[in-house]
Amino acid sequence: MSTTETRAPLAAPASRARRDPAARARRTLVYVLLTLGLIVTVAPFAWMALSSFKTQRELGASPPVWLPSEWTLDNFRELLDRMDVGQALFNSLLVAVFVTVCNLLFCSMLGYALAKLNFAGKRPIFGIVLGALMVPGNLMLLPMFVMMSAMGLIDSYAALILPFAAGAFGVFLMRQFIQAIPDELLEAARMDGAREWYIFWRIVLPLVKPALATLSIFVFLGSWNNFLWPLVATNDPGKYTLPVALATFATDPTQADGSNGVLMAGAFLVVLPVLLVFVLLQRFFTQGIATAGLK
Amino acid sequence: MSTTTAQAGTPGAGPDAVVPKAQDDGAGPDRRRRDRLSRHNLAGWLFSTPFLVLFLTFMAFPIVATLLMSFTDFGLRNVTDPLSAQFVGLDNYTKLFQDDKFLKALFNTGYFVVLGVPLTIGSGLAAAVLLNSGIDRLRTFFRVGFYAPVVTAIVAVAVIWRFVLDPSEGLIAGLGHQLGVQTPDFLGSETLAMPSLIMMAVWRNMGSAMVLFLAGLQAIPTEVREAARIDGAGIFQEFRRITVPLLRPTMLYVAVMTTIGFLNVFEEPFVMTDGGPSDSTLTISLHMYREGFDFFHMGYASAMAYVLFVIVLAITTLQLRLLKDKT
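Read top to bottom, the protein sequences are chains A and B.
Residue numbers 1 to 295, in my numbering, belong to the letters of the first sequence in order.
Residue numbers 1 to 327, in my numbering, belong to the letters of the second sequence in order.
Just so you know, the hints here were simulated from the structure itself, not pulled from any lab data.
It cannot be assumed that every hint is accurate.
As the list claims (entries may be wrong) - Per the computed footprint, the stretches of chain B lying under chain A, defined by three or more beta-carbons under 8 Å from a beta-carbon of chain A, are: (1) 83-97; (2) 259-272.
What the hints assert, rightly or not - Restraint ranges, calculated between C-beta atoms of paired labels, are given here: (3) A:Y31 - B:L76: 35 to 45 Å; (4) B:K95 - A:A61: 48 to 58 Å; (5) B:T80 - A:Q56: 43 to 53 Å; (6) B:G234 - A:Y31: 14 to 24 Å; (7) A:R190 - B:L76: 31 to 41 Å; (8) A:G131 - B:E226: 17 to 27 Å; (9) B:F61 - A:L89: 48 to 58 Å; (10) A:D236 - B:G180: 49 to 59 Å; (11) A:I39 - B:E226: 29 to 39 Å; (12) A:A25 - B:A60: 50 to 60 Å; (13) B:I235 - A:V279: 53 to 63 Å.
Stated by the list, open to error - Every beta carbon over 12 Å from chain A, so not counted as near; a handful from chain B, in silico: (14) D100; (15) L103; (16) F107; (17) D166; (18) V244; (19) P245.
Remember, predicted model here, so these are calculated numbers, not experimental data.
We put the beta carbon where it would ideally sit given N, CA and C, even for glycine.
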C-alpha cells in the first residue's frame, strides 16, 4: 500500500481502516462473503472435473466422494468410443478460426470507416450496427435454414461460418478503439499520398492490436460456444461442432444409462480449453467488456 | 443508445484544435469539409461493403423473410419450394393465442425473466460492490473465479448442472444425504424444475453483470466518495446516494442485455429438461425450435419468433424509458 500512502487524501482513511476494529471486521466479512460466492461458483466445475476421472462405482457413491480414490481414464475412453470427439473438435476449431479472422478484418474495416472517414450514409450505417446489436439470433433462424437448404449449404462449413463473419459487436468495439487514434497521424499519411487501404492496413491496424486481441477472444469464444444455429444447420454428425455433439449425446435417451461419467468427460473437454485461455488472457476480457459496454 | 454515441467526439478533442476535423456536425459548412467529404465517399463505402453484404444476407433479409413466412402456411414441402407457400393472413397469430403450449411457454419464459434478471443483476452488483470495497488482496483471483462460468458453453454447463442436480448420483443429493436430508428430484418436479433452471442461469450470468458493474464502479471518481464520507455518510447511505445513482447507465445496459438474453432462453431447457416435466420448462425459443424443426410448421414458428421479437423490443424500450427518465 506504499502508493496510497504518498497520496494525502487517501492515506488517512486507508491507514485508519487498518487500525479500526470495525473496519477490520468489515474486511473479514467481505472476504468471507466473497469466498462463499467463489465456492458456489467453482464447485460445479470441480465436481465435473473430478467426476470425469471416477470409476462407475464412485460416481454413484453416497455420501458423495470428492476425490476419486483411484483415478481412471475409462470415461474418456468410452467417450471417444461413443462420440467422434476428434472430428467435433476439428469442426469447432475450424469454424471458430475462420469466424474470428473474418470478424477481425471486416469489423475493423467498418470500424475504421465509421471512426475516421466521412462519407454519405455513415450515420445510417452506424444506426444499423447499433440496431443489429439488439436483434436476437433466433429471429433469423427459420429463413436462414430455408436459405441454406436452397443453396445446398446444410452440413457445410460455409453455413456455420458465413452468418457470423461480421458481428455488430466487433464493429462497435473497433470503432471505439480506432476513434482514439489521433487524426494528425492519418492526415500526415494522406498528405504523403497514402491510399486509405494503406493507412488502414499499415497505420491503423498496428495501433489497435490490443483491441484486435480482445475482439479475437470474444469472437472465438462466441463461436466455440455457439449452439442453436450449428444445431439447426447440421444433420451429419461428421459436421457437428463440440456443443452440438455433446448436447446430442446428452439428450439421446439410448445413451442415458450410466453415462454421467462419460458426460462429465465430454463437458471437461469442452470447458477445459476455454477456461485455460480465459485464465491466461483474462486481462483482455475485462478491458473489452468495459470498453464495449460503457463508452 | 445515447451512452454509446456520447463518447464519439472526446478522444480526438485535443487534436481538434490543431487540425480542423471533418466531424459529423457542429463545424460550419466550410469548403475544406465538403472536399474531404466527397473524397471519402468511395473509400467509406468500400470499407463498409463486407459488413453490409453479410448484414443484408444474414440479418436484414431473414428478418423480413420471417415476417412474410409468419403470414403463410410454410411447411416441410416449402423448404425446397418456398414460393408455393399459401398466404393465410393472421391465422398463425390467432392460432398462437389459442395454443395452450404456447401460452404455457410464454408464461414460463416470463417466469424465467422476472425471477432470473433481478437475481442476476442483484448478485452481480453485490459481487462488484464487495470486490470494490477497498480490498486489495486476491481481487483478480475472485474476479476471474466469478467470471469463469460466463465463458463456458451453456451446453456444457447445462450438462454439468444436470449431473449436479441428479436425484441419485448428483452432488446436491449426496450432500443432502450426508446431512440426513432427503433432497427433491429438482429437474423431475413440475414446481422445482423452473427455479432450478433459473438458479443455474443466475450462476452462469452473474459474472458478466459483475464485470460491467465493476467497470461502472471504478468510473465513479474517488473524490465523490471521499466527499460523501467527510460529510458523514455511512456505508449504506453512500451506496444509496452515490453508488446507485451513478451506476444508472451501467444498470440500464446490464438490465437490457440480460433481459434480451434471458427472453431467448433455449439451451438450458433443451439439454436439462427437454421442456418437461409436463411442459413446465418449455420456453418460447424451445417451442419455436420444435414447431419449426421437429414438425416443420415453419410459418407457425415464424409467428412465434415475431411475437418474441416484439416482446423483446417492447421490454427493451420500456427499460430504456424507465431507467433513463430518472437520470
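Each hint, compared with the structure:
Residue count for the region 83-97 of chain B with a Cβ under 8 Å from a Cβ of chain A: 0. That is fewer than the three needed, and the coverage hint is violated. Chain A is given as covering the region 259-272 of chain B, and this holds because 7 residues of the stretch bring a CB closer than 8 Å to a CB of that chain, at least three being needed. Checked against the hint of 35 to 45 Å, the C-beta distance between A:Y31 and B:L76 comes to roughly 59 Å, which is inconsistent with it. Evaluation of the 48 to 58 Å hint for B:K95 and A:A61 yields a pass: the beta carbon distance comes to about 51 Å.
Checking the proposed 43 to 53 Å range against B:T80 and A:Q56 shows it holds: the Cβ atoms sit about 47 Å from each other. At about 21 Å, the CB distance of B:G234 to A:Y31 agrees with the hint of 14 to 24 Å. Restraint check, A:R190 to B:L76: a C-beta distance of roughly 57 Å breaks the suggested window 31 to 41 Å. Remark: the range hint 17 to 27 Å for A:G131 to B:E226 is contradicted by a beta-carbon distance near 41 Å.
A hinted range of 48 to 58 Å for the beta carbons of B:F61 and A:L89 is inconsistent with their spacing of about 33 Å. In this structure, A:D236 and B:G180 meet the distance hint of 49 to 59 Å, their C-beta atoms being roughly 50 Å apart. Range check, A:I39 to B:E226: Cβ separation about 34 Å, and the 29 to 39 Å hint holds. With their beta carbons about 58 Å apart, A:A25 and B:A60 fall inside the hinted range of 50 to 60 Å.
Checking the proposed 53 to 63 Å range against B:I235 and A:V279 shows it is violated: the Cβ atoms sit about 32 Å from each other. With a least beta-carbon separation of about 22 Å from chain A, B:D100 lies farther than 12 Å from that chain, consistent with its non-interface assignment. The beta carbon of B:L103 sits about 19 Å from the closest Cβ of chain A, which is more than 12 Å, so the claim that it is off the interface holds. Under the 12 Å C-beta cut-off, the non-interface status given to B:F107 relative to chain A holds; the minimum distance is some 19 Å.
The Cβ of B:D166 sits about 7 Å from the closest Cβ of chain A, inside the 12 Å cut-off, so the non-interface label is violated. The Cβ of B:V244 sits about 16 Å from the closest Cβ of chain A, beyond the 12 Å cut-off, so the non-interface label holds. Every C-beta of chain A lies more than 12 Å from that of B:P245, the closest at about 16 Å, which supports listing it as non-interface.
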